[in-house]
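**Q** As a plain string of letters, each chain reads:
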Amino acid sequence: MQHLPGIGPKTAQRLALHLIKRPEEEVKALARALVEAKTQVGFCSVCFHLSAEPVCEICRSPNRDNSTLCIVADSRDVIALEKTREYRGKYHVLGGLISPMDGIGPDQLNIQPLVRRVSQQKIEEVIVAISPSVEGETTTLYVGHLLKPFTRVTRIAFGLPMGGDLEYADEVTLARALEGRRELD
Amino acid sequence: MYLRSLHLRQFRNYREQRVAFSAAKTILLGENAQGKSNLLEAIELLATLRSHRTHRDRDLILDGATAAMITAQVERDLGVASLAIALRQGSRRLLTVNGENLRRQTDFLGTLNAVQFSSLDLELVRGSPELRRHWLDGLLIQLEPVYANLLQQYNHVLKQRNALLKDRQRSLAREQATNRSYQRQDAGTQAQVAASEENLGVNFTEQLALWDAQLAIAGTRVIRRRSRAIQRVAPLAQHWHEAISGSQESLTLTYLPSVAAEPDDPQVIQQKFLERLQERAIAEQFQGTTLVGPHRDEIEFVINQAAARQYGSQGQQRTLVLSLKLAELQLIEAVIQEPPLLLLDDVLAELDLNRQNQLLDAIQDRFQTVITTTHLGAFDAEWLKSSQIFTVKAGQLVEAEE
Ligand SMILES: Nc1ncnc2c1ncn2[C@@H]1O[C@H](COP(=O)(O)OP(=O)(O)OP(=O)(O)O)[C@@H](O)[C@H]1O
Ligand SMILES: [Mg+2]
Ligand SMILES: [Zn+2]
Numbered sequence: 777m778q779h780l781p782g783i784g785p786k787t788a789q790r791l792a793l794h795l796i797k798r799p800e801e802e803v804k805a806l807a808r809a810l811v812e813a814k815t816q817v818g819f820c821s822v823c824f825h826l827s828a829e830p831v832c833e834i835c836r837s838p839n840r841d842n843s844t845l846c847i848v849a850d851s852r853d854v855i856a857l858e859k860t861r862e863y864r865g866k867y868h869v870l871g872g873l874i875s876p877m878d879g880i881g882p883d884q885l886n887i888q889p890l891v892r893r894v895s896q897q898k899i900e901e902v903i904v905a906i907s908p909s910v911e912g913e914t915t916t917l918y919v920g921h922l923l924k925p926f927t928r929v930t931r932i933a934f935g936l937p938m939g940g941d942l943e944y945a946d947e948v949t950l951a952r953a954l955e956g957r958r959e960l961d
Numbered sequence: 075m076y077l078r079s080l081h082l083r084q085f086r087n088y089r090e091q092r093v094a095f096s097a098a099k100t101i102l103l104g105e106n107a108q109g110k111s112n113l114l115e116a117i118e119l120l121a122t123l124r125s126h127r128t129h130r131d132r133d134l135i136l137d138g139a140t141a142a143m144i145t146a147q148v149e150r151d152l153g154v155a156s157l158a159i160a161l162r163q164g165s166r167r168l169l170t171v172n173g174e175n176l177r178r179q180t181d182f183l184g185t186l187n188a189v190q191f192s193s194l195d196l197e198l199v200r201g202s203p204e205l206r207r208h209w210l211d212g213l214l215i216q217l218e219p220v221y222a223n224l225l226q227q228y229n230h231v232l233k234q235r236n237a238l239l240k241d242r243q244r245s246l247a248r249e250q251a252t253n254r255s256y257q258r259q260d261a262g263t264q265a266q267v268a269a270s271e272e273n274l275g276v277n278f279t280e281q282l283a284l285w286d287a288q289l290a291i292a293g294t295r296v297i298r299r300r301s302r303a304i305q306r307v308a309p310l311a312q313h314w315h316e317a318i319s320g321s322q323e324s325l326t327l328t329y330l331p332s333v334a335a336e337p338d339d340p341q342v343i344q345q346k347f348l349e350r351l352q353e354r355a356i357a358e359q360f361q362g363t364t365l366v367g368p369h370r371d372e373i374e375f376v377i378n379q380a381a382a383r384q385y386g387s388q389g390q391q392r393t394l395v396l397s398l399k400l401a402e403l404q405l406i407e408a409v410i411q412e413p414p415l416l417l418l419d420d421v422l423a424e425l426d427l428n429r430q431n432q433l434l435d436a437i438q439d440r441f442q443t444v445i446t447t448t449h450l451g452a453f454d455a456e457w458l459k460s461s462q463i464f465t466v467k468a469g470q471l472v473e474a475e476e
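Line by line, the protein sequences are chains A and B.
First residue of the first sequence: 777, per the numbering used here; consecutive thereafter.
First residue of the second sequence: 75, per the numbering used here; consecutive thereafter.
There may be inaccurate statements among the hints.
As the list claims (entries may be wrong) - In silico lysine to aspartate or glutamate, EDC-like type, Cα no more than 20 Å apart, as pairs: (1) B:K459 to B:D439; (2) B:K467 to B:D131; (3) B:K240 to A:D883; (4) A:K786 to B:E90; (5) A:K786 to B:D131.
Said to hold, decoys possible - If you want the ones that stay clear, here's a sample from chain B, every Cβ over 12 Å from chain A, calculated: (6) G164; (7) N229; (8) N277; (9) A283; (10) L284.
Worth flagging that the hints you see were computed from the coordinates, not collected in a lab.
Ideal placement from N, C-alpha and C gives every residue a C-beta, glycine not left out.
Bound-form chain A, shown alone (with noise of 0.2 Å):
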């Protein structure tokens, strides 16, 4: 438990120890949900959000704007997003932030099909929503050079602390950061 993000050995422990009191069958229940969850949901193969179907809800709508695509770094960020209900526009997700620290380069991301739906498809603003980190920025500026030949970039702008994690932002503030976005340079 305490691999679990957020999960320090405190709280591991109470989980643990509030398991092991529950009935059998509730915890079977449980542990069958958790392998279910992992063999049935997988990725959308067009935008890589989390999705229990070949191609995720959002990429299936005929309601969303197809010229536009936000990029985010994690499927937390389109939950995010999708909360604030501003935007109309399709997603790419990257899945991760480029960090050598991490083994992460820009192969281990889902950079090469971003760049090829970008160029073959008719998208007139692609919309980078990725935190101002130090692996955020990095990511920001690779993804921005290499589509730049193909559409109009922009990005977000940051009422955000420096660092911060675009989950923890709150709606009203993702809002506004999404109408002040500006070119990317």
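Following the hints, position chain B with the ligands against chain A.
**A** Quick look at chain B with the ligands alone, frame taken from chain A:
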């Protein structure tokens, strides 16, 4: 600025200790290894969020405990502030000011200011450049708290760039190994291998360029601020050195950045930074580490045209360090408009009478001073009379009887 009280819980060898400071001068008296420096370290943390003795929070937590807590009441011109630092094993520090949790360390810095002077500082002149950078950074954090973030950001970019270079170094080594078996392969495979290697190279160059840009931006910020700080502190240190040496010696302090800081234009410095990186590109790939940037800066002390590091006598070095500390006090006071605390760790005994008197004269009653010592012999009688004296024994303080 006045530190009224301090409360240590499970910090170093203190299980639970409250201290009320009732005089402008406090003397902590005790045998070796009783906790005198530990108490000063707690104050240093409140002022800079750093310790000059360790980088790891777990060293600061009482052995066997999982968290430590430092709280303090500080009187400023504008009112009283309470500060708290919680250090937790395996998790982030918690910082609060007046009961409010802070997300950023810069919001915490600046409430308490302190200049630390310990016998370790006597190494400043002879020791490695890292010590001098650390000294300058500590001063900068107090003058401009945002510097703490800028430095952290630079170090983070540096770590990432070094990781990339290390990776490259390893793959170059692998490449050499495969090259040896290369001749035995047929032409088709040779072409394939060459193509994939080239690919890797392009990928690396592209990625490195990204980190170069980040390093140059973050590094330039650090360089400019360091350069400015040296310009401000140098004349003050020069003045003190002249005074203490009885006008026998003249001190010059020079910042020798890894990338020239002149002219002071961020665009120009960044450009030069990138050029220097280009020059060292091959060496960097072979050494697998970053060879250009403020992590290689030097600060040079020259006394009467001779480098103090090589030629300075023991006495000159002591005068120099004392001058730096007095300059620091003066500069912080000028910038924040209130006198900072002075923490003297074991250092009084290391100074001769002339230097002691210079120091005591400069402090007078203006700077709240906390002094550690193993015996009171070296102290002036007037000083003893006006000081509050605690005896420190195995992590406990007892106020001495009058
Ligand atoms: N995390 C810790 N938990 C418990 N004890 C600690 C911890 N860190 C240091 N100590 C103890 O604190 C003591 C050192 O304290 P300190 O450095 O303050 O000594 P001092 O009184 O300044 O001595 P000196 O006169 O030699 O400088 C040692 O006994 C050391 O074992
Ligand atoms: Mg000590
Ligand atoms: Zn999708």
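**Q** Look at each hint and say if it fits the structure.
**A** Hints, verified against the model:
no., hint, in the structure
1, B:K459 to B:D439, "holds, 13 Å"
2, B:K467 to B:D131, "violated, 23 Å"
3, B:K240 to A:D883, "holds, 18 Å"
4, A:K786 to B:E90, "violated, 23 Å"
5, A:K786 to B:D131, "holds, 18 Å"
6, G164, "violated, 7 Å"
7, N229, "violated, 10 Å"
8, N277, "violated, 7 Å"
9, A283, "violated, 9 Å"
10, L284, "violated, 5 Å"
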